[in-house]
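K.L.:
Let the sequences and hints guide you as you build the complete structure.
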Amino acid sequence: MKVLVCIKRVPDTGGGFRLTADNKRVDTTNLGFAISPHEECAVEEAIRIIEKHGGSSTVLTLGPMAAQEQLREALAKGINSAILLEADDYESWDARAVAHAIAETVKPMGFDLLLFGNESADVCNYQVGLRVAHLLDVPCVSGIKALEIQNGKAIAKRESSEGWEVYEVSLPAVFTVKEGINVPRHPSLRGIMAAKKIPIEQKKPIRQNLQMARKLLKKPQEGRQLEILGQGVEAVGKVAAKLRELGAI
Amino acid sequence: MIFVLVETANQKLTESSWETLTAARDLAQKLSDTTEALLIGSSVRALAPTLKGLRSVSVVEDPRLAGYIPEAFAKIAAEAIQKKRPTVVLAPGTEMGNDWLARVAARLDLSLATGCTEFFIENGALKGVTRTNWGGSLLEETEILSTPKLLTLQPHAVAAQPLAGAEPSVEALAVTLEDRDFRVRLKELVRKEKTGISLTEAKVVVGGGRGLGSAEAFKMLEELASLLNNAAVGATRVATSNNWRPHSDQIGQTGTQIAPDLYIAVGVSGAIQHMVGCKNSKKILAINKDPDAPIFQRADYGVIGDLHQIVPALIAEIKRLKGA
Ligand SMILES: Cc1cc2nc3c(=O)[nH]c(=O)nc-3n(C[C@@H](O)[C@H](O)[C@H](O)COP(=O)(O)OP(=O)(O)OC[C@H]3O[C@@H](n4cnc5c(N)ncnc54)[C@H](O)[C@@H]3O)c2cc1C
Ligand SMILES: Cc1cc2nc3c(=O)[nH]c(=O)nc-3n(C[C@H](O)[C@H](O)[C@H](O)COP(=O)(O)OP(=O)(O)OC[C@H]3O[C@@H](n4cnc5c(N)ncnc54)[C@H](O)[C@@H]3O)c2cc1C
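From first to last, the protein sequence lines stand for chains G and D.
Heads up: the first sequence begins at 1 in the working numbering, then just goes up one per residue.
Heads up: the second sequence begins at 250 in the working numbering, then just goes up one per residue.
Hints are computed from structural coordinates only; laboratory data are not their basis.
Hints may be right or wrong, so weigh each one.
Interface residues of chain G toward chain D, partial, derived using beta-carbon atoms under 10 Å [as the list claims (entries may be wrong)]:
no.	residue
1	Asn30
2	Leu31
3	Pro108
4	Leu135
5	Cys140
6	Arg158
7	Gly180
8	Leu210
9	Gln225
10	Gly230
11	Gly232
12	Val236
Backbone N, C-alpha and C fix where the C-beta goes; we use that ideal spot for every residue, glycine too.
P.N.:
Structure follows, in structure tokens:
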């Protein structure tokens with residue numbers, strides 16, 4: 001079994017966003033970077049599948065040299081090898097161009113299973129995995145929250161308001177994964193040390209003509225006026241009255 | 250022409266489809282253009298006349314097309330687009346709509362802007378869009394250089410309005426479907442046992458975060474919810490990744506988006522990725538011991554203090570009120 005996971009380096013934001021002066025990007029001066037949550041789960045799923053069925057796993061990202069940090073994190077958790085499609089201008093690539101470059105790279109490699117996030121944490125285009133599946137002419141189920149491999153087939157489940165939708169497709173196949181499919185492990189110290197010794201394969205991807213051009217980023221309106229109801233247990237009388245006023249009791 | 254990909258469920262158009270048709274109608278007015286739609290299913294023809302004011306509706310009916318069959322739907326839409334040559338294709342930005350149009354975009358090798366909230370017009374043509382980033386915490390203005398422009402509309406970005414005008418003409422569209430177009434299809438739907446009120450239906454949601462400190466502490470929130478009308482319990486990502494709660498309880502960018510009348514956030518710091526999942530709540534009440542927690546900038550009501558004292562006291566107070 002050969003499994004590929006595609007991940008993206010994104011800023012690790014928490015309390016709030018600061019934008020750069022040109023309003024084109026998130027100011028990352030004081031931020032770290034991370035793997036998007038859905039993709040962290042895709043990495044975990046790849047490791048579990050190889051642990052169970054044997055074979056090898058590969059992690060791939062298209063991004064700057066600094067994205068080696070995210071590749072190493074995946075290696076430290078147990079992924080076997082890593083590919084960096086090095087593009088310093090990766091931010092200007094549209095999802096179509098990213099998909100073409102990934103498909104071009106992985107087509108000759110013969111993966112049985114290709115895992116993506118359902119959408120990236122930052123730009124949320126919801127499409128790179130589906131595009132790669134089309135370019136490789138293999139089936140794809142998006143937004144899955146459970147995956148099982150049985151006799152060359154994959155059984156994938158999506159969660160909907162009605163229940164679990166079960167899909168069965170033959171391999172090779174692409175799946176885009178949602179957080180919740182598993183709870184990702186933390187890398188062990190030994191894993192981190194071992195990952196340092198794994199060479200990262202570097203390639204220069206070919207960029208297609210771009211069809212989308214970002215102009216700016218902006219914050220949506222937030223408009224709430226805070227009323228402090230009180231401090232500590234003394235506040236509960238007022239809270240209960242407010243709950244009654246709002247129809248909650 | 251603006252071409253709308255319509256989503257149906259249980260022989261009805263979904264709410265997001267009506268939103269998308271409303272957005273398409275408004276955009277067509279601005280562009281002095283017409284609107285058409287594509288309707289696919291095992292028996293959907295009867296819905297076509299309800300799409301008033303549209304010029305025409307293309308219908309593909311086939312007993313094999315019950316429910317959403319991703320590759321067949323994408324093939325049909327791609328062929329319809331090639332035949333009808335619209336300038337804009339709009340689909341609902343739901344899970345199905347995003348999946349559908351991404352497959353269409355791949356087939357036609359065109360770009361796709363998902364989660365659009367606004368449209369920009371220049372010289373009588375659509376130039377670009379505003380679309381959501383970070384699950385809606387940020388908005389991006391982007392220009393689209395390819396044509397036709399493929400777009401999905403962010404749910405709730407436009408309020409659905411009743412369509413007025415003449416009934417559309419109805420055309421049956423012939424598309425040859427092969428076995429391989431059905432290689433991805435639903436095999437089985439395992440219905441969930443309904444246990445209480447779901448997060449998306451609840452009128453009140455009580456959400457717990459790291460401040461709870463354990464799975465046991467969530468029992469307190471369960472009890473509080475049981476005393477409130479139509480209430481459910483939710484959680485932050487910290488609570489789900491610590492296995493205090495299942496991931497299906499997670500509110501936020503990578504969890505569920507809720508829109509209750511009241512969200513009570515307990516021991517939750519108010520990180521943007523969490524708040525983007527509850528920002529459509531009518532009112533937000535926060536209980537947090539840190540007066541500087543970001544949640545207080547994003548809430549309507551605040552209580553400052555230790556939740557482990559406040560929540561039990563609140564439960565006792567509500568019981569007292571209810572007993573009275
Ligand atoms: C400052 C800035 C400027 C930008 N300018 C533009 C612009 O001008 N035009 C434009 O179209 N876009 C622009 N982008 C966004 C662009 O870089 C997107 O990241 C790209 O289009 C891919 O989209 P996505 O990550 O949203 O994909 P999605 O379809 O949401 O991603 C789905 C999955 O695909 C995989 N994936 C996505 N990207 C990669 C990757 N790089 N390597 C490996 N796997 C990946 C991951 O598994 C991910 O979960 C800009 C971004 C930034 C931060
Ligand atoms: C791409 C991305 C997607 C994400 N998606 C989600 C998502 O879907 N949902 C989500 O929730 N998060 C998500 N996150 C994580 C998010 O950024 C935050 O890390 C998370 O929401 C914080 O959870 P928290 O508020 O429980 O914990 P913390 O931020 O640690 O806050 C705990 C709060 O509890 C208070 N507290 C502690 N003890 C007490 C006490 N005894 N009494 C009262 N108050 C107390 C503290 O003052 C603090 O404010 C995502 C992150 C990323 C990068």
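K.L.:
A separate judgement is required for each hint: does it hold in the structure or not?
P.N.:
Against the structure, the hints come out as follows:
1. Look at Asn30 of chain G: its Cβ only gets to about 15 Å from chain D, farther than 10 Å, so that hint breaks.
2. Given the 10 Å rule on beta carbons, the hint for Leu31 of chain G is violated: about 13 Å separates it from the nearest Cβ of chain D.
3. A least Cβ separation of about 20 Å between Pro108 of chain G and chain D goes past the 10 Å threshold, and the interface hint is therefore violated.
4. Among the interface hints, the one on Leu135 of chain G holds; its C-beta lies about 7 Å from the nearest C-beta in chain D, closer than the 10 Å criterion.
5. For the restraint placing Cys140 of chain G at the interface with chain D, the shortest Cβ-Cβ distance is roughly 7 Å, inside the 10 Å limit, so the hint holds.
6. Checking Arg158 of chain G against chain D by beta carbon gives a least distance of about 8 Å; that is within 10 Å, so the hint holds.
7. Because the smallest distance between the Cβ of Gly180 of chain G and any Cβ of chain D comes to about 3 Å, under 10 Å, the interface hint for this residue holds.
8. With a least beta-carbon distance of about 7 Å to chain D, the hint placing Leu210 of chain G at the interface is held under the 10 Å criterion.
9. Because the smallest distance between the Cβ of Gln225 of chain G and any Cβ of chain D comes to about 7 Å, under 10 Å, the interface hint for this residue holds.
10. A cut of 10 Å between beta carbons decides the hint on Gly230 of chain G: the least distance to chain D is about 6 Å, and the hint holds.
11. For Gly232 of chain G, the suggested interface contact is upheld, since its CB lies about 4 Å from the closest CB of chain D, less than 10 Å.
12. Hint status for Val236 of chain G relative to chain D: holds, with the closest Cβ pair at about 5 Å, below 10 Å.
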